[in-house]
Amino acid sequence: MISPVIPLAHYTVAISKAMVLAAMLVFPFQSADAELSFEPTWQVPSAEDVSQELERWAAEQDLSKEQQEQLDSLWSEGEASDDLLTRTVASCAIADLQVAKLMETCSRPYSGPKLPDIDWLNSKDRRGFLTVNISLYYARWLAQHRLYDETIAVLKPLRVEDVVDPAALLFYRAVAYQQIVKPDMARAELVRLLEREDDIPRRYQQVARLLERDLANLDDQSLNHIAKRMDDVGRRLSLGRAGKQVQMIEDGVLGALDRLIRQAEEQQKQQQQSSSSQSQQSSKPMEDSRPAELKAPGRVDAKDIGRQAGWGDLPPREREQALQQIGRDFPAHYREVIEEYFRELATESNQKPASQR
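Residues 23 to 379 in the working numbering are what the sequence shown lists, from first letter to last.
The hints are simulated quantities; they were obtained by calculation from the structure and are not laboratory data.
Fair warning: this is a prediction, and the values are worked out from it, not measured in the lab.
You can trust all of the hints, since none of them are fake.
Calculated pairs, DSSO-like style, for lysine-lysine (alpha carbon to alpha carbon, straight line, at most 27 Å):
1) LYS146 <-> LYS136
2) LYS146 <-> LYS178
3) LYS178 <-> LYS250
4) LYS266 <-> LYS250
5) LYS136 <-> LYS266
6) LYS204 <-> LYS136
7) LYS266 <-> LYS178
8) LYS123 <-> LYS146
9) LYS123 <-> LYS87
10) LYS123 <-> LYS136
11) LYS178 <-> LYS123
12) LYS204 <-> LYS266
13) LYS250 <-> LYS136
Could you build the full structure based on these sequences and the hints that come with them?
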């Protein structure tokens, strides 16, 4: 059968397609990687957006002229600060005495043990926008005074898209989880926080990186993990917390310490056994080099070893030299056996007729 003739141009097209296909197989994601990027899961609100939200809130309030001027002053360009959260809560405090009282409390150090009552935040009369941001403001104060359990209780239900400072929400949640030794939850908050590392305050960046390194090698039941839990217990006790939760943490710490001690004792025991076994083996002589133990009474069957004259009747000097050599090379009882053997040979030689000697 004659193969059809394929024009050269067809070969050129086929080769070109093959080269393109090969390039796609070898570098399938090259062009995609150049453009591939992950969008952060949260946005940083602008001061303008927050100001507009507050203007809508102010329109619903019966603000006096003086109150309106105070609000305008907070958001004027000359008075504006980078702390959107504080300005937002301060704006609300202009027309809300309970918010003003909370701000006053949060401006002072925690003296304990009683905490401010914030149940009024759940009132339906307040806009959700203000409620979540007042909660975040209060939780920030709690975290700054090492009240981490209370911090988490306030921050846990909040969402980043609802607050004016999402970086603060993620940061203080990460810090609180790290301090109560919840490493997995702290890592999750840090990952989200650092999605916008270039947009968050420098102090957040630096502390977040320190937290990352601290959590990187933190394994459950490790000595470092136990030490952090002990620090957490100490913190709780210093704040006057000594309830069931603290007792449960203490019991967990003691149990973890007991496990580590048992493991250390078991390892030490195994090492000692191994060392003892090696010592015994090194001090035990080789079987081939050990002299055979004599269990017989010292007598052997008579063998015909020859009829040479003078056998067993060596001159005294030569016999003594032979016995001394035996004493040096063999155990002491060998000399006695050899001497007895020589005596028997001499006796037998003397008893035989001269023709047989």
